[in-house]
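Residue-level listing of the chains:
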Amino acid sequence: MAVVAAGLVGGGVAFAQDGFFRGRGRFNPEPAEARVEYDGRFSFVRLRYQGGFRRDPGWAHDYPRADWHFQRILEEVTFTRTLRDESNIMSLDDPDLGFHPIAYMSEPGFWTMNEAELNGLRTYLQKGGFIIFDDFRGARDWTNLQARMAEVLPDARWVALDASHPVFHSFFDINTLITEGYYGEAQFLGIFEDNDPKKRLLAVANYNHDLGELWEFSDTGWVPVDVSNEAYKYGVNYVIYAMTH
Amino acid sequence: MFEAFFRFFFEHSPAMFAQGEIRWAAWTGSFVAVAVTAVAIAAAVVSYRTGARLSLRDRLVLTSVRVALLLLVLACLFRPVLVVRAAVPQQNVVGVLLDDSRSMQIADMDGKPRASYVQSDFGALDSGTLQALADRFTVRVFRFSSTATRAAQGRDLGFEGTETRLGAALSAARQELAGLPLAGLVMVSDGADTADTALGEALLGLKAEAVPVFTVGVGRETLERDIQIGRVTTPRTALKGTTLLVDVVIAQKGFDGQSVTLDVEDEGRIVSTQQVNLPAAGAPATVPVRIMVEDEGPRVLRFRVPTMPGELVTENNHREALIDVRNRREKILYFEGEPRFELKFIRRAVTEDENVEVVALQRTADNKYLRLGVDTPDELVAGFPKTREELFTYRGLVLGSIEAGSFTGDQLRMIAEFVDRRGGGLLALGGPRAFSEGGYAGTAVADALPVVLDASLRQKDGEVMRLQVRPTRAGAASAVTQVGATEAASVERWNTLPVVTAVNRLDRVKPGATVLLSAQDESRRDYPVLVFQRYGRGKAFAFTPQDSWVWQMHASIPVEDLTHENYWRQLLRWVVDEVPDQVEIRTTSDRVEPGSTVSFTASVADKAFVELNDASVTATVTGPDGAVADVPMAWGGEKAGEYDGTFPAAAPGWYEVRVQAMRAGAEVGAAVSHVRAAPGEQEYFDATLRAGTLQRVAEETGGRYYLAGSTDTLADDLRYTGRGVTTVEEHDLWNMPIVLLLLVGLLSAEWGYRRVVGLP
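From first to last, the protein sequence lines stand for chains A and B. Just so it is clear: in the first sequence, position 178 is 177 by numbering that gives the first Met the number 0, and no numbers are missing. Just so it is clear: in the second sequence, position 164 is 163 by numbering that gives the first Met the number 0, and no numbers are missing.
The hints are simulated quantities; they were obtained by calculation from the structure and are not laboratory data. From the three backbone atoms N, C-alpha and C, an ideal C-beta is built for every residue, glycine too. Check the hints yourself; a few may be wrong.
What the hints assert, rightly or not - Straight-line distance between alpha carbons at most 20 Å, and here's what the computed DMTMM-like set of lysine to aspartate or glutamate pairs gives:
id	chain 1	residue 1	chain 2	residue 2
1	B	K367	A	D172
2	A	K232	B	D365
3	B	K367	A	E74
4	B	K239	B	D576
5	A	K198	B	E351
6	B	K206	B	E559
7	B	K509	B	D525
8	A	K197	B	D374
9	B	K239	B	D294
10	B	K385	B	D409
11	B	K330	B	D374
12	B	K111	B	E220
13	B	K459	A	E36
14	A	K198	B	E559
15	B	K367	A	E75
16	A	K197	B	D352
17	B	K111	B	E314
18	A	K197	B	E353
19	B	K606	B	D580
20	A	K197	B	E356
21	A	K198	B	E353
22	B	K459	A	D38
23	B	K330	B	E388
24	A	K198	B	E356
25	A	K198	B	D374
26	B	K206	B	E175
27	A	K197	A	D154
28	A	K198	B	D352
29	B	K239	B	D352
30	B	K252	B	D352
31	A	K198	B	E564
32	A	K197	B	E351
Unchecked claim - So, partial list: chain A residues that the calculated Cβ filter (under 7 Å) puts toward chain B:
id	residue
33	T77
34	P94
35	T122
36	Q125
37	K126
38	G127
39	F170
40	Y181
Using the sequences and the hints given, assemble the complete structure.
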């Protein structure tokens, strides 16, 4: 699927020309409130949480280019209708979070939450929401993510996913999960509804990986195209899976 | 009353005038009288003409009165006679049919049962009306309920018949008395016909043979105090776990404004109970009753109201309905043209439903499909079905946001035939690639849909309508929209559900369609949300929002809320409700009288639902005692693919009819149905005197209708039907009282007028 990112590499020129690089990123760590009125189209939703560095909050890493690039690729390769060059940032207790049953959290190693946010995420997942945890590494991050999710869903167990799971075949066929992640050898873990592997996945975690970073820079030439493509494949599969399961 | 007046003035009965012929029996003197009358008329004219004191008007009046008087006298001198054919005594037969059904036990004749009238007036050949008949005719007495059989006399009747078939009784009597000199038939009944067949056919036979029927109505046309379960509308079959919303009509007289308890029992277990306030002015109450059918197999539901004080008929306070509850997995194909959350949440809503299976074909990209919930590795492997045989294996079809251009012309016709010919349920969902926006206007699918598609009216790209959905009047009473414990709670729940969006321009629904849910968009225009219509053998639905999953995910919806699940579960169950199989079986009634014959019909079609007339069809009937009998079935020859069979239901109890159709050594399909042989209570429903029915029988056959107790002239009237062995009778008419009254009247008029104008 070399074509996946190739489209964006070309598209990146246009982004640059219309001042895209003047936007935020990790070098401009105070993204404004991003809110688009729901109109039935798919919107990338980045979850905002307390914690991390004030000037460089983990939740905002790779925003907005990762989010917008991903939406564009999703619309290019699938028939999903998405927002263009805009997306949402929401807190875990945002009343509008329900309009977007797929949400993305970056750097969950720094994630903290209050009671309202805890309840917000719990009901979101129980009602049918799906969450993607990305951009974290090492025991400290992983321990924090496990601890937070244990608060949200006390009975939930993380399970290492294998390549036979439908989430890896919902659009692209990802036949092996042995892959070099952004921070080392990647692992893909999930939480099943009622801890039953026959039921739907309600959370996935890309351990040692940072798909968002690869999406963000997919139009720059700094990352090999095949690496960006692989990162998009995971993202596209997660979305198609969560829209059908 | 009319009869008595007529007889007083005309001396004979109207029946005689109706049958007879008026002739003149003139004699020689009559012609002399013509001359005399002519002279008298001339004299009168001249006399009044020369009367100088008279005005023109006086002359005209007096001349006319005098001439009329003279002409009347002249007419009498020509001796008018009524020539009638009268039955020769004891040479003719009269068939007397006595109603032997249970409704004759109702005591609405001054506290006495209707049966007591029959027994006193028609009980024996030596008393009452039956004696009057026996004096003139040879009487053949029949008792009738479901059929007519001979009886010696009315006293032998037990009044235990569980049905009243007026038509069958009349036909049976007519056939038994064929060849005999029949003067007519007398039918004594309350007229409460419980037959399935129309009365017209029996009357046609009587009219063809010119057999008059004289009917005697027994009972009263209204009951002062009565409450009954008037009507219960239930489906013959239902899917296990379905919540039915059954309309129960409670008819009443004399209990205005009172409150009664309506109970529903499923094989003795109360499954619903509710208080009903009876309306004023004897109006019936229509009560929606919610029942969940949870047990598989034939179930008898009993709807019951308590006995009220002063009720004459208590047997009509309950009514039974049979529902064949089927435990099967109904397969629905959901074809979605773009990845969106609607598919996920609809599938999720019915995950726990063991009786509904949604197989999803999700188009994710151009020519790329994701198959979900398929039963075999080959199912839908080539995308949307390309043959009727493949598509028609599903019982329901949901079209998501998928444009018409993704189908071939034949596939679009196939989808329409899926509804029209296969009898499947089609549900079209809203979305940017659906309806007119998806290019369906002018296609075969547009014909099937309940909304009008106009290619020139499309929603602008990116324009979204935000809808607060509410049930319509029809929707509030429909099982599919019930999202609360009661109808009121359901309406309230709809009012509080979050707003959903739609992207399709839909201004009109088809004339035969029913809107069950609607909304107003931002410009206050009504927008159809859930619309339904029948199309051919099947049903077509349009559900227009693109994101009903908001009813599940919105922040205002608690986790434990099941509104979205219930709504979709109910809707999808309705989509596949009563969708036929390749082999279907139906009986004329779900209950028959013990001892009667059950007729049933099997319809057989191939996988493309083309009727088969060359199948080998056999029915296996299992009786209440477990005895199994094979019944061969033959193609009826009239309707394609329909095979008929019968079996006797001798003993009371359940009969299971299992039909299997074979063709070329392979099974086409099989079907099971149940019939119950049990005495019916039908006799007690609407058990008042049906004078209209009896009057119709009499009028159409040339007979007369009498009320019980007013049958004095019945025997005489029967003499002059003109049928059987008759003799010609001549009756003088000049001596009728009406003639005398006319003469006196004319004389008095002349005298009076002369007094008024001052003549001597």
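Using Cβ atoms only, decide whether Y181/A comes closer than 7 Å to chain B, and label the hint accordingly. Hint violated; Y181/A Cβ to chain B Cβ min 26 Å, cut 7 Å.
K367/B paired with E75/A [C-alpha distance capped at 20 Å]: holds, 14 Å
Holds or violated: the hint that T122/A contacts chain B, with Cβ atoms closer than 7 Å. holds, 5 Å
Regarding the pair K239/B and D352/B, is the alpha-carbon distance no greater than 20 Å? Between K239/B and D352/B the Cα gap is close to 10 Å, so the pair holds against 20 Å.
Please work out if K111/B and E314/B have their alpha carbons no farther apart than 20 Å. holds, 18 Å
Need the status of pair K367/B, E74/A: alpha-carbon distance at most 20 Å? holds, 14 Å
Hint consistency between K232/A and D365/B [alpha-carbon to alpha-carbon, up to 20 Å]: holds, 17 Å
Agreement of K509/B and D525/B with the hint, judged by alpha carbon distance not exceeding 20 Å: Holds, because 15 Å separates the two Cα atoms, which is no more than 20 Å.
With a cut-off of 20 Å on the C-alpha distance, tell me whether K197/A and E356/B pass. holds, 17 Å
Between K252/B and D352/B, is the straight-line Cα distance small enough, at 20 Å or below? violated, 44 Å
Is the hinted pair K198/A and E353/B satisfied, with a Cα-Cα distance of at most 20 Å? Since the Cα atoms of K198/A and E353/B sit roughly 16 Å apart, the hinted pair holds (cutoff 20 Å).
Taken at face value, is the distance from the CA of E388/B to the CA of K330/B at most 20 Å? Within the cut-off at roughly 15 Å; holds.
Of the numbered hints stated above, those contradicted by the structure are hints 6, 30 and 40, listed in ascending order.
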